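Q: Here are the chains, one letter per residue:
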Amino acid sequence: MDQKGQVVGLTKKEIPCDSAGFAELSVGILAMGKALRFRARGHSMHPLLRDGDILLVQPVEAGMIGRGDLVFFRNSMGQIVVHRVVRRSGQGDGLSFAVKGDGLARPDGLVHATQISGRVSSLERDGVFLDPRHPGTRLMGLGLALLAPLRPDRVRSIPWLKALIRKAPLVSRYLA
Amino acid sequence: MNLAEQRYERNPDFVFRKIVDEMILVPIRADVADMEAIYTLNEVGAFIWERLDGQATLSEIEAAVLDEYDAGTDVIAKDLVAFIQELDSVGAVRRA
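Residue numbers (this note's numbering), protein chains in the order written: chain B, 1 to 176; chain W, 1001 to 1096.
Hints were generated in silico from the structure; no laboratory data involved. Watch out, some of these pointers could steer you wrong.
[Claimed, not checked] List of simulated lysine-lysine pairs, DSSO-like, C-alpha gap at most 30 Å:
no.	chain 1	residue 1	chain 2	residue 2
1	W	LYS1018	B	LYS12
2	B	LYS13	W	LYS1078
3	W	LYS1018	B	LYS13
4	W	LYS1018	W	LYS1078
Source: prediction; values computed, not measured.
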């Protein structure tokens, strides 16, 4: 019998994106060629991506992934992670990527192409949408990722980064 | 037509996966799986879901449930109708 006291039951459910069930389900759906919409959890991609933001992830061929992309992959513990590609190395079966959370001091290490299922194509916060594949957004994100070991106030005072944020009203609104 | 003689089939725009002991349903709209609108079925619900192939009538499905599970005919009949109506309301099934 289910929670509603019925022998037969249908229940709405939330599956946290850091659960094993989410990993199995989401990787399977992306492998079918479908996109995925879900709520992100965690703070490792701050400030571009915050806890509770909605992400849209599209299936992607690893060969199409480049520096600055936000990739959706399974880490060595089997959990789903969305982090930024800061370096691409190797090719063919040896293709791998150095990935890093924008807000983290250290990179995750190398992720093999086979661990990657998708690439983020849209970020949504309070009804504002941002395309993380846009060159300006990628450049800014890459800058944040590489400068993260510095103190946040010093990063925000870097002239070229300030100018970039100022020139992109949507990014400024998104980061507000 | 009597509801018991009707046939329903799963909407192909719903992905379903058995994860551990649960059957999970995820709606696909415009090629996007919405993980914010996931449904789960209990054991009997999953048993019925697997039989919603557009071939079996609801009365045949009800008989299969009664064969498999220890529950009263009245309870199963009432819950089966409510379950199908719920699935229909979220777009998970359609009349065959």
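Q: Now, for every hint given, state plainly whether the structure supports it.
A: Here's how the hints hold up against the structure:
1. For the proposed pair W/LYS1018 and B/LYS12, the alpha carbon gap of about 15 Å is at most 30 Å, so the pair holds.
2. As the CA atoms of B/LYS13 and W/LYS1078 are separated by approximately 23 Å, the hinted pair is consistent with the 30 Å bound.
3. With a CA separation close to 14 Å, the supplied pair W/LYS1018 and B/LYS13 stays within the 30 Å bound.
4. At roughly 25 Å between alpha-carbon atoms, W/LYS1018 and W/LYS1078 fall within 30 Å of each other, so this suggested pair holds.
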